[in-house]
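Engineer: What follows is each chain in one-letter form.
Protein chains: 2
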Amino acid sequence: MANEVKEITSRDVDFAKWYTDVVKKADLVDYSSVKGSMIIRPYGYAIWENIQKILDEEFKKTGHENVQMPMFIPESLLNVEKEHVQGFAPEVAWVTHGGSEKLEERMCVRPTSEVLFCDHFKKIIKSYRDLPILYNQWCTIVRWEKTTRPFLRSREILWQEGHTMHATEEDARNETLRMLKVYEDFQRNILALPVIVGKKTDKEKFAGALESYTLEAMMYDGVALQNGTSHYFGNGFAKAFGIEFLNKENKMVNPYQTSWGTTTRMIGAIIMTHGDDNGLVLPPNIAPFKTIVIPIGKDEKVLQKADEIKNLLIDNNISSKIDLTDKTPGFKFAEAEVKGYPIRVEVGPRDLANDLVTLVRRDTLEKIQVKIEDVLMEVSNLLVDIQRNLYDRALKRRDSMIYEAHNYEEFTDIANNKSGFIKTNWCGDVACENKIKDDFGIKSRCLIEDEEVNGPCVCCGIEARYRIYFGRQY
Amino acid sequence: MANEVKEITSRDVDFAKWYTDVVKKADLVDYSSVKGSMIIRPYGYAIWENIQKILDEEFKKTGHENVQMPMFIPESLLNVEKEHVQGFAPEVAWVTHGGSEKLEERMCVRPTSEVLFCDHFKKIIKSYRDLPILYNQWCTIVRWEKTTRPFLRSREILWQEGHTMHATEEDARNETLRMLKVYEDFQRNILALPVIVGKKTDKEKFAGALESYTLEAMMYDGVALQNGTSHYFGNGFAKAFGIEFLNKENKMVNPYQTSWGTTTRMIGAIIMTHGDDNGLVLPPNIAPFKTIVIPIGKDEKVLQKADEIKNLLIDNNISSKIDLTDKTPGFKFAEAEVKGYPIRVEVGPRDLANDLVTLVRRDTLEKIQVKIEDVLMEVSNLLVDIQRNLYDRALKRRDSMIYEAHNYEEFTDIANNKSGFIKTNWCGDVACENKIKDDFGIKSRCLIEDEEVNGPCVCCGIEARYRIYFGRQY
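If you read the protein sequences in the order shown, they are chains A and B.
In terms of our numbering, the first sequence opens at residue -3 and continues consecutively.
In terms of our numbering, the second sequence opens at residue -3 and continues consecutively.
Be aware that one or more of the hints could be misleading.
You can't tell identical chains apart in this list, so a pair holds if it fits in one copy or across any two.
[Said to hold, decoys possible] Here are the simulated DSBU-like pairs of lysine-lysine, each with C-alpha atoms no more than 30 Å apart in a straight line:
| id | residue 1 | residue 2 |
| --- | --- | --- |
| 1 | 119 | 31 |
| 2 | 367 | 328 |
| 3 | 177 | 20 |
| 4 | 57 | 392 |
| 5 | 21 | 235 |
| 6 | 419 | 57 |
| 7 | 201 | 367 |
| 8 | 21 | 247 |
| 9 | 392 | 56 |
| 10 | 13 | 118 |
Rather than coming from a laboratory, the hints here were simulated on the basis of the structure.
Input sequences plus hints: build the corresponding full structure.
Structural biologist: Here you go:
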């Protein structure tokens, strides 16, 4: 598609420009005439299709069913739960006219679907036998963002949203954590993202939730990307919507609720975690094509062998493509790097004469000559190694960019001079969170549950109740 | 889900009421508080997921790639192609505000995406090397219908829309017909719908298209359901949008375009073609569960055998579920019928003592005792037979409801007294089409290409140029 591989800005020179270069040059997205909305091109959408396929299987394995709710929310319905509407009303798109007629009541395009699900749950939940209800929806939501960036912040967001109802608080709490774990495993094992998982502070939780859990990924530049959330609602929405069921003790009670969601933003996390100055680097487990086979020259034997290898890989469930365009080998190599195929298989006449081909791993750009008869085994092993290496490399970088602050002076020094997360103690008072936000523009990421709290709050100095991460965010 | 199987209105008494009963009682949809929008429940959505899976594979096999365009169209963009905007402007939903701010330019929610794709194509098509571009999109569109019915006519429509660009007219015409064939094969072989396929008249074609082809399914009540369309655009949109490419002769020319789409309406066609007074009847090739195993009583051996049979079927790729609720057998049978599982496997203590189980086929309600050791083979064969029988039965009914009219008197008689399609001769003048619509509220369905034209136009009496179907429509 007239796709020229041009220079990509170095990520250490201008990370924002690097990001834009990569998403454009790897043909992931294009800008559209619709302000704030992006076009997801075939290569970008293929990544999303892989994400959907794998996550959807996990949701079904854990007993969830897909449904489709309306995309519009009448204003009165959005208004039912007070905290929720306050959180979302400022950023919704309002539909006011159908054809030439003004609507009696305006409707917003869903920014999230809790109220739509609750409206439905009210009709279908009668008895404890109806519970749990474990629903998920794949759809597009709209939030009217002022400034947008492909995958990271967009007016239209492709996502999935799970919405579940349970007979007891315990069941709902378990579900919240169970789906958080599904997300964590997926992001670690498939996307190779060493996410930090924890509870949000009250200030940062989802509008209307009692507890919000988050997956925080650290990008190459040290900035956080909130990469998925799982919420426990208690029975607040159920009460607001009048959802009741007859429990085993024959009493009418309100059920307990969760919701959880992930979006195309995960693609942004992949790019900004693994990418380098040559372009995109895709973890094998999510790449649309795990290898690209590039024949060098037009020799019949070379072309035939290249095709054989591609077919061998595909037949063994290793998604692969072959580049048969009339571009120069150098151009093809550069393009393969921009697009981030995990392994490039170079098939050239000189190698072939010695029954060899060259594998180039995208993560390290290392070249490895292998015997043709071993190519399947070597590629298979290398894919496992690349997947592991990407995770380890990201983990190492992440850990090297977490700084401990014992007092406000240290916090100030880190906040002003370092990129990354700040690990510290916190008293639990929102006033301290607000002060840090006002002073440095930095928000809390999540609480740290597996470390002992010992010492004063980094901000006010009284005895701390929590270990916590702070960090700038996308 | 508090799902009681109650009486369903007979389809011969009140077909509209029968339809509503079935979609509700089979748990396919629920009504929502959002006027004109429906909720697609898990069982209904599972049918759509099967449709998506099978069609998506066909699209990919024929070289198409999925993309995602914006869901909003700025008014100025919708206005670029004149015929198109005239066709759609009266029925779009307008977004006028983002949060509390009035938009500088209002935007509609896409009613279809030709203009969005053209806006993108203009940027990515430069050379003949970039063609063909074969894109598809799965998404939701909005058309502001006044009266709505689940699956048939809804303000929100889940669909797929293919959009392709080609270097030559011939290539684009071939694509239009190729995708029409993909639809036809899918609807005949998977949905068991004996669709009539043909070209729309100029009056009935898609706004902006040069030619529209349609798949017309006849419902049980003789009314037509337009079940998919494929359009050839020539280079009209390309010219309006300034899309040009350098062809092999080194000249800048406009490419040729197609689009084609199918929607959740196909689920409505399944219901209204195959369903009966006991509820839904699903063709095995699209059913979320091909069999339901129902143990009779609570005998341990019965339960164990029922579970074994379910697992045996699943292990052999026959999607199956088991009903372990504490409802009565009679209730379970009725529910299995309402939900239209192609085969019900009854496992009871008396049968079991003789190493037998009973299969009940949903299409005929015939009961068949089979040896337990033969159950896999018998079920497999029966599924093939049910699929074939549903198609044949629908074809026979369809053909019995097609009436030939040789003159306006006959046409009038049929139009006033019969349900079904009217096959006749037409001169090609829109005045005759309009007269028939004014007199009877009946539109043309499609031209018949494989029959010789012989005789006068049914309306004006001058020599006919076309054989054509007329019929009422949903």
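Engineer: Does each hint fit the structure? Answer for all of them.
Structural biologist: Results for each hint:
1. For the identical chains of this complex, residue 119 and residue 31 are inter-copy neighbours only, at 16 Å across copies versus 38 Å inside a copy, given an alpha-carbon limit of 30 Å.
2. Within a single copy, residue 367 and residue 328 get their C-alpha atoms as close as 23 Å, which meets the 30 Å cut-off; across copies the closest is 62 Å, which misses it.
3. Proximity of residue 177 and residue 20 under a CA criterion of 30 Å is satisfied in neither setting, with 33 Å inside one chain copy and 35 Å between copies.
4. For the identical chains of this complex, residue 57 and residue 392 are neighbours neither inside a copy (32 Å) nor across copies (42 Å), given an alpha-carbon limit of 30 Å.
5. In this assembly of identical chains, residue 21 and residue 235 lie within 30 Å of each other by CA distance solely across copies; the values are 28 Å between and 50 Å within a copy.
6. In this assembly of identical chains, the alpha carbons of residue 419 and residue 57 never lie at most 30 Å apart, being 36 Å within a copy and 51 Å across copies at closest.
7. In this homomeric assembly, residue 201 and residue 367 never come within 30 Å of each other (Cα to Cα): the closest approach is 55 Å inside a single copy and 59 Å across copies.
8. With identical chains, the CA atoms of residue 21 and residue 247 are at most 30 Å apart between copies only, with a shortest distance of 27 Å across copies and 61 Å within one.
9. In this homomeric assembly, residue 392 and residue 56 never come within 30 Å of each other (Cα to Cα): the closest approach is 33 Å inside a single copy and 39 Å across copies.
10. With identical chains, the CA atoms of residue 13 and residue 118 are at most 30 Å apart between copies only, with a shortest distance of 24 Å across copies and 48 Å within one.
Against the hints set out earlier in the document, violations occur for numbers 3, 4, 6, 7, 9.
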